[in-house]
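**Q** Here is what each chain is made of, one letter per residue.
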Amino acid sequence: AQSVSQHNHHVILSEAASLELGCNYSYGGTVNLFWYVQYPGQHLQLLLKYFSGDPLVKGIKGFEAEFIKSKFSFNLRKPSVQWSDTAEYFCAVNGVGQAGTALIFGKGTTLSVSS
Amino acid sequence: DAGVIQSPRHEVTEMGQEVTLRCKPISGHNSLFWYRQTMMRGLELLIYFNNNVPIDDSGMPEDRFSAKMPNASFSTLKIQPSEPRDSAVYFCASSSQGAGELFFGEGSRLTVL
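In order, the protein sequences belong to chains A and B. Note that this note's numbering gives residue 95 to position 95 of the first sequence, counting from 1, and the numbers run on in steps of one. Note that this note's numbering gives residue 41 to position 41 of the second sequence, counting from 1, and the numbers run on in steps of one.
Honestly, the hints are just simulated from the structure, not real lab data. It is possible that some hints are incorrect.
Quick look at which bits of chain A chain B covers, simulated, 3 or more residues with Cβ under 8 Å [stated by the list, open to error]: (1) 12–24; (2) 69–77.
For the chain B half of the interface with chain A, some residues (derived, Cβ under 7 Å), not all of them [unchecked claim]: (3) 33; (4) 42; (5) 43; (6) 45; (7) 74; (8) 100; (9) 101; (10) 106; (11) 107.
Straight-line C-alpha distance at most 27 Å; calculated DSS-like pairs for lysine-lysine [as the list claims (entries may be wrong)]: (12) 61/A to 107/A; (13) 71/A to 107/A; (14) 49/A to 24/B; (15) 61/A to 71/A; (16) 78/B to 107/A.
Glycine included, every Cβ here is placed at the ideal spot set by N, Cα and C.
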């Protein structure tokens, strides 16, 4: 079955700490991978995406993610978090070449950053 | 350029009432998705359309839920009759076929008393 697993339900960090959020997926075939962010009371916004090529992907606001195919992982990282990064983060996957295929989301990780 | 537009943003209704949620996708996008978000279950795909045709409705919880897309610029999600367990935030998203990335609306927060 297709699924996305996010290991951390809630992460609490102080400002300037480094962040890594885990994401593993189960999906038959070649995949597109995404990280979305949802700030409190807002809709989901794309942080970054991987379609092909360099497995280290850089997104907005200093976030990056690394696709490790052998581990079926797509972990999100940021070297130094800010209070404004407090939000919920969702990892998602869909299949390559399957036009219009819906994204399958993980359950999300809530990040709380204290100033 | 306008993003995905959903209405209403908030709806409070009583059990048994009919609820209709509306979505206008981004112009030119030909895939549309309805998701439901709850604390317990996270983001669940309810149904999605390609070129106005329903492709996968396996996530629709039961017959009380129905969705339509009469044209490329409008979709509805209807719940009849509504129940308290339907309380959630319902998101609509759209994408260009083959592009992969989904663009989300602001969501409709439904509370069924």
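**Q** For every hint, state whether the structure bears it out.
**A** Hints versus structure:
| no. | hint | result |
| --- | --- | --- |
| 1 | 12–24 | violated (count 0) |
| 2 | 69–77 | violated (count 0) |
| 3 | 33 | holds, 5 Å |
| 4 | 42 | holds, 4 Å |
| 5 | 43 | holds, 4 Å |
| 6 | 45 | holds, 5 Å |
| 7 | 74 | violated, 17 Å |
| 8 | 100 | holds, 4 Å |
| 9 | 101 | holds, 6 Å |
| 10 | 106 | holds, 5 Å |
| 11 | 107 | holds, 6 Å |
| 12 | 61/A to 107/A | holds, 22 Å |
| 13 | 71/A to 107/A | holds, 19 Å |
| 14 | 49/A to 24/B | holds, 24 Å |
| 15 | 61/A to 71/A | holds, 26 Å |
| 16 | 78/B to 107/A | holds, 25 Å |
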